Every structure is written in C-alpha cells, then in structure tokens.
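Enquirer: These are the residues of each chain, in order.
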Amino acid sequence: MSSCHGDTPRAGLLPNPSILPPRPVNERPIIVAIVGPPNSGKSTLFNRLTGLRQKVANFPGVTVEHRMGKAKLKDNHEVFLVDLPGVYSLHPRAEDEQVTHDVLKGERPDFPKPDAVVLILDVTNLGRHLVLAAPILSLGLPTLILLNMADDLALRGGKVDVAALSSELNCPVALISAAKGTGIDGIQQFLMGTAARLSAPPPKIELPVLQDVPKCRQWAAKLGVRASYRAPAPPLWTRRLDSVFLHPVAGPLVFVAIVVAVFQSIFSWAQPVMEGLQHAVLWSGHWMTLVLPDSPWRGLLVDGIWAGVGSVVVFLPQILLLFLFIGILEDSGYLARAALIADRTMAKFGLQGKSFIPLLSAYACAVPAVMATRVIENKRDRIATVMIAPLMTCSARLPVYTLLIAAFIPNIPLLGGVLSLPAATMLSLYVLGFVVAVAVARILKSTILKSKGSSFVLEMPPYRWPTWQSLALRLIDRAKIFLHRAGTVILVVSVVLWVFAHVPLDHGKAPTLEHSFAGMVGKTMEPAIKPLGFNWKIGIGLITSLAAREVIVGTLGTIYGIEGDEPSKGLQAAVHQDLSTAGAIALLIFFAFAMQCFSTLAVVKRETGGWKWPVFQFSYMLALAYSGSWLAFHIANHFLG
Amino acid sequence: MASRRRAARHSSSRAALTLADLPTGQRCVLDRLDLPDDMARRLMELGFLPGNEVVPGRRAPGGGPRVFRVDGSEVALRHETAARLYVRRDPESDLVVLS
Numbered sequence: 001m002s003s004c005h006g007d008t009p010r011a012g013l014l015p016n017p018s019i020l021p022p023r024p025v026n027e028r029p030i031i032v033a034i035v036g037p038p039n040s041g042k043s044t045l046f047n048r049l050t051g052l053r054q055k056v057a058n059f060p061g062v063t064v065e066h067r068m069g070k071a072k073l074k075d076n077h078e079v080f081l082v083d084l085p086g087v088y089s090l091h092p093r094a095e096d097e098q099v100t101h102d103v104l105k106g107e108r109p110d111f112p113k114p115d116a117v118v119l120i121l122d123v124t125n126l127g128r129h130l131v132l133a134a135p136i137l138s139l140g141l142p143t144l145i146l147l148n149m150a151d152d153l154a155l156r157g158g159k160v161d162v163a164a165l166s167s168e169l170n171c172p173v174a175l176i177s178a179a180k181g182t183g184i185d186g187i188q189q190f191l192m193g194t195a196a197r198l199s200a201p202p203p204k205i206e207l208p209v210l211q212d213v214p215k216c217r218q219w220a221a222k223l224g225v226r227a228s229y230r231a232p233a234p235p236l237w238t239r240r241l242d243s244v245f246l247h248p249v250a251g252p253l254v255f256v257a258i259v260v261a262v263f264q265s266i267f268s269w270a271q272p273v274m275e276g277l278q279h280a281v282l283w284s285g286h287w288m289t290l291v292l293p294d295s296p297w298r299g300l301l302v303d304g305i306w307a308g309v310g311s312v313v314v315f316l317p318q319i320l321l322l323f324l325f326i327g328i329l330e331d332s333g334y335l336a337r338a339a340l341i342a343d344r345t346m347a348k349f350g351l352q353g354k355s356f357i358p359l360l361s362a363y364a365c366a367v368p369a370v371m372a373t374r375v376i377e378n379k380r381d382r383i384a385t386v387m388i389a390p391l392m393t394c395s396a397r398l399p400v401y402t403l404l405i406a407a408f409i410p411n412i413p414l415l416g417g418v419l420s421l422p423a424a425t426m427l428s429l430y431v432l433g434f435v436v437a438v439a440v441a442r443i444l445k446s447t448i449l450k451s452k453g454s455s456f457v458l459e460m461p462p463y464r465w466p467t468w469q470s471l472a473l474r475l476i477d478r479a480k481i482f483l484h485r486a487g488t489v490i491l492v493v494s495v496v497l498w499v500f501a502h503v504p505l506d507h508g509k510a511p512t513l514e515h516s517f518a519g520m521v522g523k524t525m526e527p528a529i530k531p532l533g534f535n536w537k538i539g540i541g542l543i544t545s546l547a548a549r550e551v552i553v554g555t556l557g558t559i560y561g562i563e564g565d566e567p568s569k570g571l572q573a574a575v576h577q578d579l580s581t582a583g584a585i586a587l588l589i590f591f592a593f594a595m596q597c598f599s600t601l602a603v604v605k606r607e608t609g610g611w612k613w614p615v616f617q618f619s620y621m622l623a624l625a626y627s628g629s630w631l632a633f634h635i636a637n638h639f640l641g
Numbered sequence: 642m643a644s645r646r647r648a649a650r651h652s653s654s655r656a657a658l659t660l661a662d663l664p665t666g667q668r669c670v671l672d673r674l675d676l677p678d679d680m681a682r683r684l685m686e687l688g689f690l691p692g693n694e695v696v697p698g699r700r701a702p703g704g705g706p707r708v709f710r711v712d713g714s715e716v717a718l719r720h721e722t723a724a725r726l727y728v729r730r731d732p733e734s735d736l737v738v739l740s
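Sequence order for the protein chains is A and B.
Reminder that position 360 of the first sequence reads as 360 in the numbering used here, one-by-one numbering, no gaps.
Add 641 to a position in the second sequence, counting from 1, and you land on the number used in the numbering used here.
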C-alpha cells in the first residue's frame, strides 16, 4: 500500500518550504507522523525530538494546526516529524479528526502520506488508549508504539509487559517518559530504521471491526490482559488538588486569586526589565545620532525606524510573562478545571465551558484563540466565540495600556498595598473586555446565532508539572512572532509614516509635522475624533494601529522623534502634550473595543469561510469603540473637571 | 480495569435510573446511552460503554457540570447529558467510593 508512493518526489509537495528544503528526488525526506489521543503527551514528545527545529502551520483550507519539525538522527540523517491533532479514533467527525484521518490515509493532496507512524499512548490509562492502536495498525505503515508516562505508572504501582505487547502487535513497543526524557533513545533507532521499511507485518492478534466501539474496547482489554497490564492506583494528587480547585467555595476563590496574581506580577516583575530596555533603546538612538553623519537617512534610521520599532520591542518581557503564565496553566492541567468552573457562567451567556479556553488564550493573542475554537463542536457556539475573542485583552494591547497608564494614572496604593492604582486600572480594563465580550455573546446567541442547547463533554487530565523545556519553547516561539512583527509590520509602518511625515517638501526642506501628508490625514479626521478627546496626532496613531494595535506606540515614538522633543523625556512625558487624562481614559476604552488587527481579521475570514463575519466583527467593534470612548471621555471630564 | 458484566438484565418496573440521579461516589454500571449517534459514539470513545462502571464525582462549584470516573479517566458532563445515560446498580459492587 505504501510502496506505491515510494518513488514519488515528495519534497515539492511539502508545506513550509522554509523548514523543508527541497531535496534531490532520490533522497526525499522521510516523514513520520506522531499520533495519539489528547493528553497523551504527544506535544511534549514532539518538543523533545525536534527542539527548536519546528514550526506551527495550518493545513490549507482548514483551521487545524499542525506542527512540523526536524529530528536529527545519530547517523546524521534528518527525519521530518508531523504532530497531528489528538484523536481518540480514526472515525472522522470533527475537523481535526478528519485531518488526522486524511493525512494518515494519504488522502490529502497537499500533504504526502507519512512513511511511518509513532503512536503515543498514556500507559497509566492503557486500556482505553490502546483502542487507537487498532485503526493505526490497520493502516499497514511501520509503527512504533510508545507507552508514555512510564514514571507515573511505576510510581502508582502499575506494570505492563512491553515484550508481550510488542509480540502480540508485531511492532516495536517502548516505555518512555516524554516529560523526563527517559526511553527517548529507542525512538532514534526506530526512526533510523524507517528508511529501510516499506510496510509493516500485520499484528499477531486479530484486529477488531473498527466501526464498533465496544468491540474495539474489548480488543484493547484482551490485549491488556495478554500483556499482563496492571492499571496504576488512581492519581491521588489529582484528587487532592481537585478537592481544593473544584471546592464549592475555595475553587472560585483560587480561580480569582490566580487571575489577580498573574496581572499584578505582569505589572511589577516586568517593570525593571522594561525600563532597562527603554534606556537601551534611547541610549543607542543617541549613540547613532552622534556617530552617523547628518543626513535624511540618519533621521529615517534614528527617528523613524529606531524610535518606532524600539518603542514596541520594549514590551517583549511583559508579553512573554503573560504567555509563561498561560503556558503553566495549560500544561499543568488547570485550564480544563477552569473550563469546568466556567461552564455554568458561560451557559448563561449562551456559550459553554469550552469557549473559556479559547477566550483565555485570547488574552495572549486572538489569532491562536480563533483557531482554538475548533474544540467547540456546535458551529454557532463556535462563531459566537470567534466574534467575541478579540474583545479579550490581548498582549498587543499591553504596550498601549502600559504607556497610557504609566503616563496618566498616579501610583497610589490600594487595599493596603496589595494592589496599586495602575495595576487596578489594568485589571479593570481586562475585566471590562471580558464583561463586554460576554454581553455581546449573549446578544448574538439570542439573535442571529440562536441554537438549540449545546453540550459540554471534557476529559479532565491529571495534574502534571509543566516542563521547563515546553514552556521555554512556547516563549521562544512567541518572542520570534513578536519580533518578526516588529521587524516587518511595525518597521514598514514606521518607515511609511516617517516618509509621509516628511513630504511634501517645503522649499526643499521637510515640512512641519502639521503640514506633512501624515499631518494632513490626521487633521482631516480630527473632527470625527475630537468628541472623543483625541487630536490629529492621536488620529495618525489610530490609523496606523489598524494594522496592529501596538503600532500606535511606535507611531507616537516616531512622531515625537521627528518633532525633536528631547527624547530623554520619553514617550510617557511626550503624550501629555496631546492628551488630557480624560482623553487618555477614552483612548484606553477605544483600544479595549476596537478591532485593530489584520492578522485576526484574516484568520477569522479563513475560519468562517468568507468576508461576512470579519466585516461584521470589524463594524460592531468599531461602533462599540466609538460610543464607548465618547461616553468615557464625557464621564471622565465630568469627574475630573 | 472495569469488570465485565453479566448479561442478566432484569427489566425493572421502577422508573429507570440515570447518571444524573446518583449521589457522589455511588458506583453504578452503564446500561445504555439515549443520545444521538454522534454524541453517543463520542462518549463511548471516552469510556462510557454499556457495561462499564461509572462513579459520579465532584460537581463544578455553583452546580455546573459533574466529573465522572469512567474507564480509568475523569470526564465532565452537563446534567442534561448525564440524565440521558441510563444506569443500573450492580449488587456485586454496590458501594459508595469515598474521596
């Protein structure tokens, strides 16, 4: 079955040419698919094997993410690993299951059929996880079965005869611990051998009828008996922790405490690093001014690019800290409990607990959040979740919030020093985003997205220690994406803005900002934003931030860089000239509600299959932002005088 | 591993018992799933197979979904789903599991 693919040149068919360089026809890359049920430790294994040589990508046409990575073998060959979505069976039902099914069967035109399969199963729940072995082995591909969480099994008094299982299934089986890294060497040997194999011998034990779930489960049980499998004792720590985290009173309190702690620490821990970076950017800008000869190019480099990009890069530590916390919550298994706690509340707004997971990751970034909505089976629930996801305070808003709060909100301790006024302001913006989002969901679900009762089925994984490796990989990934954006979108916007701020030439000299193209655009739109307390300079920022929210910080950096206000005063001092405190509050509200992100709109379009929903989303959020900031400006003016 | 059950299905005249009716820790044996095919298959893949033992566990704070121990793992279901899963109490293991 697989041999008929043997001679096709596959390199050209692969996605992500950047990590899959074209190869000579006779030396096509070997592709190994990693398959496993959810919570089997698939991603941890993938990270172990590929390290930094990996990339997240999407199958064209569907929103299912897959990761590709390279593993270097001891014999210096390289193998491409693809991490497929977690499945319980190959019975295609949801979109991600369909992808796993199609890739393994070689039915995706855009992706070659894998040469071999690594099936990873949680050995602490072998009876149920072995069910997946039946459809995988029936594919006839060379297969390695990894029994993960070997350390857990031993600790909790379970055991399994690996050799017996291997001989029953007629394929290599290994006990490993992906988290601890034990048993990984055996995988190398299997991968080195895959090149030689074309197909796999059929298992000794007869495979069950795959459509029949009870039959498959009985087959797995029989297999377990033959491999003298003894299930481990129940995970005591998980039960102990759940008795706290799911306690009727303590549970919600812990939940709130975790959220508050995260936001307070983002503010206080990241501050020193950010200040250090800020000084480095300013100092290096000065240094360049001194070393470089005076020319328009120096202006472009120092005031345009350096001030623009630099003022955004400063926020990297804060964003990484947020991703670190979300990573810990997710890897430890707490997020599933959070979804459980949230279900009842979400149900009141017409959503369900599973919507909570994408909504929480939307606090980091709406793009992965929109893709994460695929866990929601009900289509209307899913679209409603997609529609409100960008209202969650994503990390791109952090630079804007941080700048405005630091510049306008005095540092007054609250609640006896537990919280400061700036941190409380930040927290209220986060809460505001959430409250408005659920209100919008409620409206959508009772009007255009009305649906019959949705269901909620979620497996609760045991609690685990997050590994440093997987957390570090997440952060490196995020840092790359952020810096890439700073190096592309923000760089381009900064350059374009600088140019627009320097034309048309006035007697061969650059005009004042007010008379430049950029200034004219700002001036033209000023009447529309005046009622919100913004002047034309903020208007320029609002336009550039349509590309991405944090761009406004870079834009203001560039504008003030051009105007030549002593740069040492910094952005915080400079914005005071253009905004009153009431205007700053209005601007915060505007950024809380407005849909200023190309990437999100693009992914929503792909997700919902057309322009209808992204256009709707952009319009309703703009209306919300305009009316919200108008209200905020007038209320704030009333109280602040 | 969950014990396999006997075929002796005594048709009781009482109102049928569902997972939603059981107190926390009350062991029971799943009889049938009264759900649309797709949903039933999904639950079966998660371990809710007729004949398997199910133990109701914690309820989410504020009366949300409930966690059920089934086939070596824990799965949360809403009340309305649990009310469609018919169970019987197995006299051989009719215990209340603590913790």
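Think of the hints as simulated: they come from the structure by calculation, not from any bench.
Note that this is a predicted model, so its numbers are computed, not measured.
Idealized CB from N, CA, C, for every residue including glycine.
It cannot be assumed that every hint is accurate.
[Stated by the list, open to error] A short, non-exhaustive set of chain B residues, derived as facing chain A with CB atoms under 8 angstroms: (1) 680; (2) 682; (3) 684; (4) 688; (5) 699; (6) 705; (7) 708; (8) 712; (9) 716; (10) 722; (11) 723; (12) 724; (13) 725.
[To be verified] Pairwise CB distance ranges, derived in the manner of DEER restraints: (14) A/451 with B/704: 20 to 30 angstroms; (15) B/675 with A/215: 19 to 29 angstroms; (16) B/704 with A/521: 46 to 56 angstroms.
Enquirer: Against which earlier hints does the structure fall short, listed by number upward?
Expert: 11, 12, 13
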